[in-house]
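Engineer: Sequence:
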Amino acid sequence: MRIATWNVNSLKARQDRVLEWLELRQPDVLLLQETKLADDAAPLMAFGMAGYELVHHGEGRWNGVAIASRVGTADVVANFGDGPVRDSGPGSGLSQTAEGDFDPLDEARMVSAVCGGIRVVSLYAPNGRALDTPFYAGKLAWFGRLSRWLEETRDPEEPLVLGGDLNVAPEDLDVYEPADFVGTTHTSAPERAALDRLLDWGLEDVVRRFHPEAGFYTWWDYRGGNFHKNLGMRIDHLYATAPVAARATGAERDRDARKGTLPSDHAPIWVDLAD
DNA sequence: ATGTCCCAGTCTCTGGGA
6 MRIATWNVNS LKARQDRVLE WLELRQPDVL LLQETKLADD AAPLMAFGMA
56 GYELVHHGEG RWNGVAIASR VGTADVVANF GDGPVRDSGP GSGLSQTAEG
106 DFDPLDEARM VSAVCGGIRV VSLYAPNGRA LDTPFYAGKL AWFGRLSRWL
156 EETRDPEEPL VLGGDLNVAP EDLDVYEPAD FVGTTHTSAP ERAALDRLLD
206 WGLEDVVRRF HPEAGFYTWW DYRGGNFHKN LGMRIDHLYA TAPVAARATG
256 AERDRDARKG TLPSDHAPIW VDLAD
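Letter 99 of the first sequence, counting from 1, is numbered 104 in the numbering used here, and no numbers are missing.
The set of hints was computed from the structure by calculation and includes no laboratory data. These numbers come from a predicted model, not from an experiment. It is possible that some hints are incorrect.
Label pairs and their computed distance ranges (CB to CB) [what the hints assert, rightly or not]:
id	residue 1	residue 2	range
1	220	46	15 to 21 Å
2	201	15	42 to 48 Å
3	201	162	18 to 24 Å
4	187	230	20 to 26 Å
5	184	46	21 to 27 Å
6	267	194	15 to 21 Å
7	279	25	37 to 43 Å
From the three backbone atoms N, C-alpha and C, an ideal C-beta is built for every residue, glycine too.
Make the full structure from the sequences, and use the hints.
Structural biologist: In structure tokens:
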């Protein structure tokens, strides 16, 4: 069984590339982030033609998470079970710029389902922008909500894979120039502690086990030719509970998916599991 | 290197986010 994750930076703009990638790499489950679609715009038919069910949790212009699975989609949980995300259209009260209205717990950043006997969780962590902003505090609060959801509703003995764009580089070897990130988001001690809390609950960074090397990045800024200079960060992750981690036979990243015409700024990663 | 790409709305350009 192959479980993958990919922040596609708009599923509308990336649909053809994603469908081609499914055909090429044959994942059984693909966790998607930043679909930037409302639920009624999710391309269920196109994925269905490719053999995948698509579970989508979106709000429109921003965020949006999904699960594409060819091994079933049972027991769906969206937004930690905290209810529907508000429409982010005009007049909705959701604003990306008015800080007083901002709460990432109201945004479409989490969806989960049981696929092929494994509970998978597709996550898109808030960016955080800068350490001295409410957006950073909101990022930490969102990770707190994620940990509480695991601690209160899940069991580390359950087969579970949590993955997505967590917007945190866990170690200095996961960023191209650690000194440049002092005082910025993605590498701060509280963000790394949030990942440690997930791991301490009972998860393993399976991709790290197979790729302990520096420079195994998953995201490169579109600007400045950063991809070709390998100036990136490892901020997309796949974490597994022990019953799943024990089945892992490998993990890979598809750097080729970051190349070519109109790519996402993230590359997909996956883990392979023995039956 | 404020260098690119996405989106919606103000709509063939602009502003905001990453």
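Engineer: Indicate, hint by hint, whether the structure satisfies it.
Structural biologist: Evaluated hints:
Range check, residue 220 to residue 46: about 37 Å between beta-carbon atoms, so the 15 to 21 Å window is missed. Separated by about 31 Å at the C-beta atoms, residue 201 and residue 15 break the suggested range of 42 to 48 Å. The hinted range of 18 to 24 Å is satisfied by residue 201 and residue 162, whose Cβ atoms lie roughly 20 Å apart. Checked against the hint of 20 to 26 Å, the C-beta distance between residue 187 and residue 230 comes to roughly 24 Å, which is consistent with it.
The beta-carbon spacing between residue 184 and residue 46, approximately 42 Å, falls outside the hinted interval of 21 to 27 Å. Residue 267 and residue 194 have their C-beta atoms about 36 Å apart, which leaves the hinted 15 to 21 Å range violated. Checked against the hint of 37 to 43 Å, the C-beta distance between residue 279 and residue 25 comes to roughly 27 Å, which is inconsistent with it.
In summary, the numbered hints that this structure violates are 1, 2, 5, 6 and 7.
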